[in-house]
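Asks: Chain residues, written in single-letter form:
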Amino acid sequence: MSAWETVIGLEIHVQLATKTKIFSAASTAFGAEPNSHASLVDLALPGTLPVLNREAVNMAVKFGLAVGAEINRRSVFERKNYFYPDLPKGYQTTQLAEPIVGTGSMEVVLDDGSRKTVRIHHAHLEEDAGKSLHEDFHGMTGIDLNRAGTPLIEVVTEPDMRSAEEAVAFARALHSLVTAIGVCDGDMSQGSLRFDVNVSVRRKGEEKLGTRTETKNLNSFRFMEMAIRKEVERQIDILEDGGSITQETRLFNGDTGVSRAMRSKEDANDYRYFPCPDLLPVMLSEEQIIELKNSLPELPAQRLVRFVEQFGLSDYDARILSSDLATSDYFEAVVKLSGDAKLAANWIMGELAAKLNAEEKAIAACPVSAEHLAELIARLKDNTISSKIAKQVFEGCWNGEGSPDQIIEARGLKQVSDSGALQKMVDQIIADNAAQAEAYRAADEGKRKKMFGFFVGQAMKASQGKANPQQLNELLQKALEG
Amino acid sequence: MSLHQHTLTELKTLLDGGDISSRELTDYFLARIERFDGELNSFVTVTAEQARSEADAADVLRGKGEAGLLNGLPIAHKDIFCTNGVRTSCGSRMLDNFISPYDATVVKKMRAAGAVMLGKTNMDEFAMGSSNETSFYGPVKNPWDLSRVPGGSSGGSAAAVAARLAPAATGTDTGGSIRQPAALTGITGLKPTYGTVSRWGMIAFASSLDQAGPMAQSAADCALLLQSMVGHDDKDSTSLNRPVDNYLADLDKPLAGLTVGLPEEFFPASLDARIAELTRETARELERQGAKVVSVSLPSVKLSVPAYYVIAPAEASSNLSRFDGVRYGYRCQDPVDLMDLYKRSRSEGFGDEVQRRILVGTYALSHGYYDAYYLRAQKVRRLISDDFARAFEKADVILGPTSPEVAFPLGAKKDDPVTMYMADVFTIAVNLAGLPALSMPAGMIDGLPAGVQLVGNYFREGQILNVAHRYQQATDWHRQAPAFGGEQ
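In order, the protein sequence lines correspond to chains R and A.
Just so we're aligned: 265 in numbering that gives the first Met the number 0 is position 266 of the first sequence, and the numbers increase by one with no gaps anywhere.
Just so we're aligned: 1 in numbering that gives the first Met the number 0 is position 2 of the second sequence, and the numbers increase by one with no gaps anywhere.
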């Protein structure tokens with residue numbers, strides 16, 4: 000048992016899924032030619048002014064409502080002043096003293112099924128910066144302002160998490176929440192969610208928080224977990240050697256697994272925040288908030304409860320299947336068409352998840368439609384195919400060979416349930432393996448069980464897997480035991 | 000009477016009556032600029048070719064019966080307004096190479112009304128100054144006395160109109176930058192209610208104070224120009240969304256029933272007695288026309304200079320951060336690294352006064368000072384607004400001097416910024432409160448024009464234009480022109 004307790008707080012940048020930027024009409028689409036989505040405003044040309052995108056406000060409010068937070072009827076944009084080449088105005092327009100979303104909380108289900116509440120300190124609206132490109136410019140730096148002005152909410156938690164697992168569980172829950180309510184596309188590879196982790200350690204029983212470090216810009220759950228573990232180890236090593244922690248910002252390299260100090264508190268910028276005089280305070284009416292509340296879809300937490308109650312799923316299965324909207328929708332479609340929630344859950348979390356993982360595909364891009372999976376389950380249930388054959392059929396669907404029925408037909412995979420044909424086969428097998436049959440009959444109950452598998456295997460081989468397993472068992476048993 | 004002696008309103012009548020074409024008028028003023036501006040230095044850029052083609056287009060439109068409010072009238076724009084395809088320097092080396100790819104809303108609207116742009120006028124660098132001596136393009140001279148300043152920051156626009164090189168011009172006013180140069184050059188200038196004229200495309204100095212307005216020979220001219228400048232603009236979040244007033248309709252309305260307030264604080268013992276007297280004489284003229292004159296008090300106005308010189312530099316320090324040598328504008332030669340690029344581009348690209356204000360503003364917003372300076376100044380701002388609100392319970396308009404002095408010699412205050420700032424005492428309270436105010440010539444002192452200021456309640460531009468117009472119907476101070484440029 001470690002003598003140390005880890006304390007973690009998170010700051011999460013969530014890119015909002017608006018079509019246009021927070022203060023300009025330029026597109027937020029990812030991956031365009033550099034600077035092709037940078038308007039006069041995004042380039043910060045002299046004389047240009049920001050105009051607030053109301054959709055970004057609506058999305059921030061939706062998020063706040065989804066975490067049960069106070070929604071501030073009045074919030075204020077401020078300027079955070081600092082120089083950086085990809086920050087075109089020389090300041091970031093953000094919120095500080097009066098953010099749009101006040102205190103809220105999220106309940107997270109951990110792997111062991113226990114529940115943990117993480118308090119949210121606040122969430123504020125702000126604009127993203129552009130990107131500095133260091134390659135291909137012969138020692139110079141290129142600036143791409145396509146991302147500049149993309150709307151973000153920065154979600155700031157209280158230091159409520161006590162381990163990397165808890166932090167990752169919270170991060171995953173947040174990811175599933177923001178995608179479920181449609182305010183973020185959730186694409187981590189494009190930086191749609193980025194995590195800053197504040198980590199400190201203290202001796203167990205100690206009340207005072209230890210000095211914390213902040214590791215910035217982690218864009219995968221795996222890196223986040225690695226970064227936290229490494230940082231906890233680093234801090235404990237220093238403290239156990241009698242050293243002290245420096246309050247600093249650190250950068251983590253996911254490829255090498257090494258973090259390094261970026262800047263300490265002493266040389267931190269004085270951002271000279273002040274209310275942005277180009278923007279009016281954001282005012283929200285009761286009606287607007289109620290309207291947004293009514294527009295919220297079912298939240299992942301609500302869906303989890305429903306999946307348990309409606310489909311009789313285990314907590315674990317329900318949690319995985321309710322984690323993101325695309326998976327939930329797929330699951331519910333398969334259940335509706337096949338009428339079997341248990342089989343649907345098993346297939347989606349088993350075969351389907353494995354294939355998606357192996358090919359790094361999102362469920363939205365899954366080549367097996369919900370209709371096909373439902374049809375496959377139906378064929379399983381009506382004994383047309385065995386579960387072993389079903390996996391072959393699934394492969395066929397994945398590879399685009401057609402519907403399960405077409406594949407079963409084309410490949411001749413229909414289960415053999417004709418008792419006459421099966422009886423003939425069983426007789427043949429016992430004749431061919433007379434010695435084993437003799438041994439079986441001489442064996443006691445316990446040994447027989449093990450030996451029975453040999454005959455099943457022979458029969459399946461002979462039927463190319465198509466024998467109806469239940470029928471086969473019965474016939475074999477009868478033949479062997481006489 | 001030579002063409003240049005006419006007011007804008009009179010020129011409009013000539014154009015409307017077919018007595019002259021826009022092309023003739025435009026060529027006439029271009030010739031005056033060509034002849035006299037070498038000495039005056041009121042223009043940074045003259046867009047002669049573009050002006051001629053705009054004039055021709057205006058003449059065609061007039062022929063088709065599609066003339067707008069300003070059709071064919073030549074005007075000049077302060078070089079703070081972005082003009083598509085034309086250098087927009089803001090009086091700074093920083094933007095000496097900046098060709099704007101878009102038009103400011105003011106420019107667009109006036110062009111849509113048919114105005115012809117003669118060129119871009121000189122100004123204090125980034126509108127920071129009260130003498131037009133901080134321009135990268137050199138000081139503008141006052142046409143009444145070439146050894147004196149024209150005031151600032153819209154000094155180029157003021158001098159060009161005063162010398163009749165342009166019938167009218169646009170200006171911007173953050174702390175008096177339309178009214179003070181108008182007063183020092185003997186012309187009429189109006190700063191509208193904050194939010195009335197769009198700030199889109201107007202290079203920001205202090206965003207919460209900046210407001211564009213017209214500068215011309217008369218109040219009627221200003222009304223004509225203002226009519227084409229105002230209106231809600233989706234591109235400016237601080238632009239007010241209210242119906243556009245008709246500024247021309249009530250110009251002639253008699254003044255009977257009007258109450259004029261004279262604030263005691265605008266007549267301190269230290270004020271030049273001649274300026275105090277001509278301001279009071281203006282009040283008497285209004286009385287003669289039926290107005291009632293009362294005394295009002297604006298006790299917090301004395302705090303306006305320190306409050307302004309915190310708020311304006313604070314906003315400016317942030318607004319001017321975008322001039323970093325990265326995307327456009329001045330970039331230093333061969334920077335060794337990023338910090339060198341920033342430091343040298345900004346040190347070499349900005350002049351002393353701009354750097355001084357960036358430093359002051361940066362300091363005022365710094366951690367530990369913010370509450371003592373910026374927040375305090377914002378509280379003073381509220382007190383000043385409250386003072387005006389109380390005064391407007393007693394009076395319809397407020398009258399006072401525009402500037403405590405007439406045009407001073409070039410170089411006289413160059414090294415004494417505080418004395419320079421103190422001279423803004425009568426104008427900046429109006430910006431802090433966001434009120435409309437007009438300066439008009441009301442007398443001469445030692446051969447130099449002196450101006451008075453009319454402050455109106457919010458959205459009462461029409462009322463102060465009416466008062467000024469009635470005054471100008473009874474007096475001829477606004478028709479006085481300097482000897483410079485007297486002949487064509």
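Since the hints were made in silico from the structure, they are not lab data.
Honestly, I wouldn't trust all of these hints.
As the list claims (entries may be wrong) - Only pairs whose alpha carbons sit at most 35 Å apart, straight line, appear in this in silico DSBU-like list of lysine-lysine: (1) A:Lys108 <-> R:Lys292; (2) A:Lys108 <-> R:Lys79; (3) R:Lys79 <-> A:Lys413; (4) R:Lys130 <-> R:Lys207; (5) A:Lys252 <-> R:Lys79; (6) R:Lys18 <-> A:Lys107.
Asks: Against the earlier hints, flag every one the structure doesn't satisfy and list their numbers going up.
Replies: 1, 4, 5
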